[in-house]
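Peer 1: Build out the structure end to end from the sequences listed, making use of the hints.
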Amino acid sequence: MVHKRKKAVTAEFHTVKRIDNSRLVRNVEPAKMRNLWRTVALGGVVAAFFMLYVFQHFRCIDLSFQLEDLKGQHMKAAALNSELKLEIAGLRNPMRIDMIARRRLGLTEPLPTHVQEYEAPDGAEVAAARFVRPNRAP
Amino acid sequence: MQQDRVHVRLLIIAGVAFLWMGAVFGRLTYLQLYRHSEYLSRAMRQQQRTIEITPERGTIFDRNGKPLAMSIPVDSAFAVPSEIADENLAARLLSGVINKPQEEIEARFESSRSFAWIARKLPPEKADAISKLNLKGIYLQKENQRFYPKRELAAHVLGFVDVDEKGLSGIERELDSEIRGKSERIVVMADAKQRWFDGGEAKRERGASVVLTLDEKIQYIAERELATAMAKTRSLAGTVIVMNPNTGEILALANWPKFNPNKAGDSPSESWMNRAVSAIYEPGSTFKLITLAAALDQGITRPDEVFDCENGAVYISGHRIRDHKPFGLLTVSDILAKSSDVGAIKIALRLGAPRFYDYVRAFGFGSLTGVELPYESRGRVEPLDWKPVSTAAISMGQEVGVTPMQLVTAVSAIANGGLLYKPHVIAQLRRDEKVLPAEDALATAEPRRVIRAETAATLRQLMEGVVLYGTGPAAHLDGWTSAGKTGSAQKIDPSTGRYSPTQFFASFTGFAPINNPAVTILVSLDSPVGQHEGGQVAAPLFKRIAEQVLAYLNVSRDVPLNPKLIETAYMKRAAEDPSALEESSSVDFSGQPDPPPAASQIAKADAREQAVSTKPVLTVAVDQGGDIEVPDFSGKTMRDVTDIVLRLGLDPVLVGSNLATEQSPAPGAKVRHGARITVQFGTPLEKKSKPHPGIRN
Chain A
1 MVHKRKKAVT AEFHTVKRID NSRLVRNVEP AKMRNLWRTV ALGGVVAAFF
51 MLYVFQHFRC IDLSFQLEDL KGQHMKAAAL NSELKLEIAG LRNPMRIDMI
101 ARRRLGLTEP LPTHVQEYEA PDGAEVAAAR FVRPNRAP
Chain B
139 MQQDRVHVRL LIIAGVAFLW MGAVFGRLTY LQLYRHSEYL SRAMRQQQRT
189 IEITPERGTI FDRNGKPLAM SIPVDSAFAV PSEIADENLA ARLLSGVINK
239 PQEEIEARFE SSRSFAWIAR KLPPEKADAI SKLNLKGIYL QKENQRFYPK
289 RELAAHVLGF VDVDEKGLSG IERELDSEIR GKSERIVVMA DAKQRWFDGG
339 EAKRERGASV VLTLDEKIQY IAERELATAM AKTRSLAGTV IVMNPNTGEI
389 LALANWPKFN PNKAGDSPSE SWMNRAVSAI YEPGSTFKLI TLAAALDQGI
439 TRPDEVFDCE NGAVYISGHR IRDHKPFGLL TVSDILAKSS DVGAIKIALR
489 LGAPRFYDYV RAFGFGSLTG VELPYESRGR VEPLDWKPVS TAAISMGQEV
539 GVTPMQLVTA VSAIANGGLL YKPHVIAQLR RDEKVLPAED ALATAEPRRV
589 IRAETAATLR QLMEGVVLYG TGPAAHLDGW TSAGKTGSAQ KIDPSTGRYS
639 PTQFFASFTG FAPINNPAVT ILVSLDSPVG QHEGGQVAAP LFKRIAEQVL
689 AYLNVSRDVP LNPKLIETAY MKRAAEDPSA LEESSSVDFS GQPDPPPAAS
739 QIAKADAREQ AVSTKPVLTV AVDQGGDIEV PDFSGKTMRD VTDIVLRLGL
789 DPVLVGSNLA TEQSPAPGAK VRHGARITVQ FGTPLEKKSK PHPGIRN
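Read top to bottom, the protein sequences are chains A and B. When we follow the numbering used here, the leftmost residue of the first sequence carries the number 1, and every step to the right adds one. When we follow the numbering used here, the leftmost residue of the second sequence carries the number 139, and every step to the right adds one.
Derived from the structure by calculation, the hints contain no laboratory data. Treat the hints with caution; some may be incorrect.
[Claimed, not checked] Straight-line Cα separation of at most 16 Å, EDC-like style, residue types lysine to aspartate or glutamate; simulated pairs:
id : chain 1 : residue 1 : chain 2 : residue 2
1  : B       : Lys-808   : B       : Asp-770
2  : B       : Lys-629   : B       : Glu-537
3  : B       : Lys-476   : B       : Asp-442
4  : B       : Lys-476   : B       : Glu-520
5  : B       : Lys-274   : B       : Asp-224
6  : B       : Lys-280   : A       : Glu-83
7  : B       : Lys-280   : A       : Glu-109
8  : B       : Lys-572   : B       : Asp-404
9  : B       : Lys-572   : B       : Glu-343
10 : B       : Lys-259   : A       : Glu-83
11 : A       : Lys-76    : B       : Asp-442
12 : B       : Lys-560   : B       : Glu-584
13 : A       : Lys-76    : B       : Glu-343
14 : B       : Lys-808   : B       : Asp-789
15 : B       : Lys-259   : B       : Asp-224
[Unchecked claim] Quick partial rundown of chain A residues pointing at chain B, CB under 8 Å, derived from the structure:
id : residue
16 : Ser-22
17 : Ala-79
18 : Lys-85
19 : Leu-86
20 : Gly-90
21 : Asn-93
22 : Met-95
23 : Thr-113
[Claimed, not checked] Listed next, with one range per pair, are the computed distances between beta-carbon atoms:
id : chain 1 : residue 1 : chain 2 : residue 2 : range
24 : B       : Leu-574   : A       : His-74    : 25 to 35 Å
25 : B       : Arg-143   : A       : Asp-62    : 51 to 61 Å
26 : B       : Glu-248   : A       : Leu-70    : 53 to 63 Å
27 : B       : Pro-492   : A       : His-114   : 16 to 26 Å
28 : A       : His-74    : B       : Glu-248   : 14 to 24 Å
29 : A       : Leu-70    : B       : Asp-404   : 32 to 42 Å
Just so you know, these numbers come straight off a predicted model, no measurement behind them. Idealized CB from N, CA, C, for every residue including glycine.
Peer 2: This is the structure in C-alpha cells:
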C-alpha cells in the first residue's frame with residue numbers, strides 16, 4: 001500500500017549574505033593578459049587601418065572635388081587667355097588700323113619722295129653682305 | 139515555469155530577427171541578382187557623365203605669326219530628357235532664353251531620352267542665363283568655336299568650318315585632318331548634388347597649327363586695292379595674286395566678291411569660290427609670253443627680228459584673224475610691247491604646234507599646280523591635235539583655259555630665270571611649338587627648268603618694253619623698274635556661244651624690280667564696265683599694289699624718283715582716294731570684339747587731341763610689329779656686325795670698310811625678322827656729322 005504523503009509546503013527565505021572580498025587578491029594569469037593585450041593591439045591596428053582607409057577614401061573624394069574645381073578654374077583661365085588673344089588679333093586687323101588712321105586720325109600715305117633710302121657710296125655692292133636667293137639660275 | 143517563459147520569449151525574438159534578416163537578405167538578393175542591371179544603369183546615369191572632349195583646332199598664322207584663324211571654347215546646352223521632371227516647364231523657360239519656339243525644344247526632348255542638344259555655341263550671356271535657370275536635366279558643355287579675327291582678310295585661302303568644326307573650304311578643308319586633332323571621351327563622377335569629381339585625364343591631341351606663306355599686310359594691300367578697283371571698274375569679279383618668284387611662296391591671294399568666314403552662310407555661295415585656283419579663263423594677250431618664251435628658247439627668232447603684221451589681219455585656214463589695231467612691220471620686241479596678235483600668230487606658226495604644245499605643258503598649263511588649296515582646276519589645254527587655226531588662237535591666248543595661279547606661276551618662272559616653282563601657301567605645320575615634318579603633299583618640290591636663263595633674261599627685257607613704251611605704261615612704278623604683259627580677252631557670251639563684243643577679261647601680270655624680282659603680281663578683272671583693257675584697268679592696280687608691297691618689303695629702288703611728277707600724280711590720286719576708300723571699306727566692325735576699356739580710353743584721348751589740333755598731319759601709321767631690338771654696332775668690325783645681324787635673323791647691308799661708324803635703324807629700334815640693317819664703316823674720324831634723313835627700316 002502506498003501511502004499518499006502530503007506534500008509539505010516549505011517557505012523559501014532569501015537572505016542577503018554580505019561577503020567582504022576586498023581582501024581577495026585575484027591571481028592574474030600572465031598568458032591570458034598577453035592574449036588580451038595582443039587582441040587589443042590587433043584590434044587597434046585593424047581599427048587604425050580601417051580608419052585610415054575611411055580617411056583616405058573621403059580625403060580622395062574631397063581632393064577630387066578640389067581637383068575638378070581647379071580644372072574648372074584652369075579651363076576658365078585658358079578660355080579667357082584665348083578670348084584675349086582673339087581680341088588682340090581683332091584689334092590688329094589691318095583694315096581696322098587703316099580706317100582709324102585715315103578717318104579718325106586724318107593720316108595719309110607718304111609720298112615716295114618722303115621716304116629716302118640710305119645713299120650707299122660707290123663700291124658698296126662689293127662690301128654688301130646680302131642673303132642670296134636660293135636656286136637662282138646662273 | 140519561468141524558465142520556459144524566458145525560452146519562449148527568446149525564441150520569439152530569435153524568430154523575428156531571423157525573419158527580419160531573411161527579409162533583408164531576400165530583398166538584397168532580389169536587388170542584387172534580379173534587378174542588378176537596371177539599378178546599375180540607373181546609378182551610372184545618375185553618378186557618371188561621359189564627356190566628349192572636342193579637340194581644339196590648330197591656329198592658322200600668317201608668315202609673321204599673326205593669327206588668322208583660331209578657336210576658343212564656348213558653351214553649348216544639352217538635355218538629358220529622362221532627368222527632366224516637367225518637360226513643358228523646362229521648354230518654356232529655355233525658349234525665353236535661347237529664342238527658339240517652345241515646341242521645337244519639346245520636340246528635341248522627345249527625340250531622345252538620354253541626350254539632346256538644346257543650343258550649340260551660345261554667347262556667354264545666354265549660357266549664363268541657362269545656368270541660372272538651374273534646371274534639372276539641362277547641362278552646359280564646352281565646345282570650341284572657330285573665329286576669324288581678321289574677318290574677310292584672306293577668307294578664300296583660310297576657308298571656313300561647319301558647326302561641328304569640320305573644314306568646308308580653303309586650308310580648313312585641305313588640312314582638316316591635321317588641324318582638327320582627335321576627340322576623346324572621358325567619364326566623370328557626380329555626387330548627389332551633381333557636383334563633378336574624379337574626372338579622368340583626357341590625352342587630347344591638339345590639332346596642328348598652320349603657318350602660311352601669306353603676309354597679313356601684303357594681303358590687306360592686295361584686298362584693299364582690289365576692292366577699290368572693283369568699285370571703280372564695276373567688274374563682276376576680280377583676283378590678285380602676289381607671289382615670291384624665287385620660291386613660289388604666295389604672299390597674298392585676294393578675290394572679289396569676298397565673304398566673312400565668321401558668317402559664311404550669310405554670303406552667297408558664289409562668293410566662297412577661290413577664283414585664283416578654281417576659275418578658268420582665256421588669258422588673252424598675257425599668253426603671248428608663253429608663245430615668245432617657246433620661240434626664243436627654241437632659237438627660232440630674235441628680239442630684233444622684224445615680222446610683217448599684215449596691216450592688222452591675217453588669214454589662217456580660211457579664218458580671218460584681226461589685230462586690235464593695224465600694224466605694219468614690227469620687231470619681236472614690238473610685237474610683245476604693242477601686243478600684236480598677227481605677230482604672235484606668225485611666230486607660233488613658225489614654231490610649230492608640237493613644240494609649242496610642249497612648252498605650254500612645261501609651263502604647267504593643263505595640269506594642277508599643286509598649291510595646297512582645294513577645288514583647284516587643271517585649266518584647259520586641248521590634246522596635241524592642233525590645226526593651224528588652233529595654234530594661231532592659242533598663241534594669242536584663246537582656245538586655252540588657264541587659272542590665275544597657273545599664269546602667275548609661269549610668269550614667275552620668267553622672272554626668276556627659267557625655273558618653275560610649285561606655288562605654295564603653307565610654310566610649315568606645328569604642334570606644341572615643334573615643326574612637324576612635311577608630308578609628301580606639303581613638301582616643297584624642286585623647281586623645274588622650263589626655259590633657259592638667257593631666254594628668261596631676254597623675255598624680261600621684252601616685258602619691260604610693254605611697260606615703257608607698249609600697252610602697259612600705267613604699270614610704270616615710281617622708284618622701281620617693272621615688267622609685265624597686259625591682257626584683254628573677250629569673254630564668250632553663253633547665249634550666243636561666240637566672243638562677246640562688250641564683255642572682257644582685263645588682266646595684267648608682271649614683276650618688279652626687273653633685275654632681281656622680289657614679287658610677281660597677277661591682276662585680273664572680270665567684265666569691267668567702261669574702260670576694259672588690261673592696260674587701262676589692271677595695270678594701274680598692279681602699280682598700286684607693287685609700289686606698296688615693294689616699299690613694305692624694303693626692296694631697294696633701282697630708278698631715280700621724279701619728285702614733281704610724283705607729287706602731282708599722288709595729289710591727284712589722293713583727291714580721288716577718299717571716295718574709293720569709302721566705297722571699298724564699307725565694313726562694320728560690330729562683329730569684332732570691343733576694344734578693352736584702357737584701349738578705348740586711349741583712343742578717345744587721341745581723338746580729343748586730334749580735335750584740338752587742326753593742323754593736317756601728313757604721315758603714315760606703320761604697324762611694324764617688330765620685336766627684335768637693333769644693337770649698337772659702333773666701333774665693331776664687319777665680321778662682328780655680320781655675325782650679330784645674321785644671328786638676329788636680320789638682313790645686313792655693309793657699306794665701306796674698317797669699323798662701324800653709323801647704322802640704320804638706330805640702336806634700340808624695334809624691327810621685324812628679316813629687316814634690313816645698313817651699317818656704314820670707316821675710321822672714326824670719317825664719321826659724318828650730318829645724319830641721313832628719313833632712313834627706312
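Peer 1: Work down the list of hints and note, for each, if the structure agrees.
Peer 2: Going through the hints against the structure:
1. About 12 Å separates the Cα atoms of B:Lys-808 and B:Asp-770, which keeps this hinted pair within 16 Å; it holds.
2. For the hint pairing B:Lys-629 with B:Glu-537, the CA-to-CA distance comes to about 11 Å; that is within 16 Å, so the pair holds.
3. Our distance criterion of 16 Å between C-alpha atoms is met by B:Lys-476 and B:Asp-442, whose separation comes to about 14 Å.
4. For a cut-off of 16 Å, the pair hint linking B:Lys-476 to B:Glu-520 is broken: about 27 Å separates their Cα positions.
5. With a CA separation close to 9 Å, the supplied pair B:Lys-274 and B:Asp-224 stays within the 16 Å bound.
6. For the suggested pair B:Lys-280 and A:Glu-83, the alpha carbons sit about 14 Å apart, so the restraint of at most 16 Å is met.
7. With a C-alpha separation of about 45 Å, the suggested pair B:Lys-280 and A:Glu-109 falls outside the 16 Å cut-off, and the hint is violated.
8. A C-alpha spacing of about 37 Å is found between B:Lys-572 and B:Asp-404, which places the hinted pair above 16 Å, so the restraint is violated.
9. A distance of roughly 14 Å separates the Cα atoms of B:Lys-572 and B:Glu-343; the hinted pair therefore holds under the 16 Å criterion.
10. In summary, the hint linking B:Lys-259 to A:Glu-83 is supported, as the alpha carbons are separated by about 14 Å, within the 16 Å threshold.
11. Proximity of A:Lys-76 to B:Asp-442 is assessed by CA-CA distance (about 72 Å); at most 16 Å being required, the pair is judged violated.
12. As the CA atoms of B:Lys-560 and B:Glu-584 are separated by approximately 8 Å, the hinted pair is consistent with the 16 Å bound.
13. For the given pair, A:Lys-76 sits about 20 Å from B:Glu-343 by alpha-carbon distance, which is inconsistent with the 16 Å threshold.
14. For the hint linking B:Lys-808 to B:Asp-789, the alpha-carbon distance of about 14 Å falls within 16 Å, and the restraint holds.
15. For the hint linking B:Lys-259 to B:Asp-224, the alpha-carbon distance of about 25 Å lies beyond 16 Å, and the restraint is violated.
16. With its C-beta approaching chain B no nearer than about 34 Å, A:Ser-22 sits outside the 8 Å limit, and its interface hint is violated.
17. Because the closest C-beta pair between A:Ala-79 and chain B is about 5 Å apart, less than 8 Å, the hint holds.
18. For A:Lys-85, the interface hint holds, the least distance from its beta-carbon to any beta-carbon of chain B being 7 Å, beneath 8 Å.
19. Residue-level restraint check for A:Leu-86 holds (minimum Cβ-Cβ distance to chain B is 5 Å; threshold 8 Å).
20. Satisfaction of the interface hint for A:Gly-90 is found here, the shortest Cβ-Cβ separation to chain B being roughly 4 Å, below the 8 Å cut-off.
21. With its C-beta approaching chain B no nearer than about 5 Å, A:Asn-93 sits inside the 8 Å limit, and its interface hint holds.
22. Nearest Cβ of chain B to the Cβ of A:Met-95: about 6 Å, under the 8 Å cut. The hint holds.
23. Interface hint at A:Thr-113: satisfied, since its Cβ lies 4 Å from the closest Cβ of chain B, which is below the 8 Å cut-off.
24. Roughly 26 Å separates the CB atoms of B:Leu-574 and A:His-74, a value that falls within the hinted 25 to 35 Å.
25. The hint said 51 to 61 Å for the Cβ distance between B:Arg-143 and A:Asp-62, and at roughly 54 Å that hint holds.
26. B:Glu-248 and A:Leu-70 have their C-beta atoms about 38 Å apart, which leaves the hinted 53 to 63 Å range violated.
27. Distance hint check for B:Pro-492 and A:His-114: the Cβ-Cβ separation is about 55 Å, which falls outside the suggested range of 16 to 26 Å.
28. One distance hint, 14 to 24 Å for the beta-carbon pair A:His-74 and B:Glu-248, is violated here, with the actual separation near 37 Å.
29. At roughly 40 Å, the beta carbons of A:Leu-70 and B:Asp-404 sit within the given window of 32 to 42 Å.
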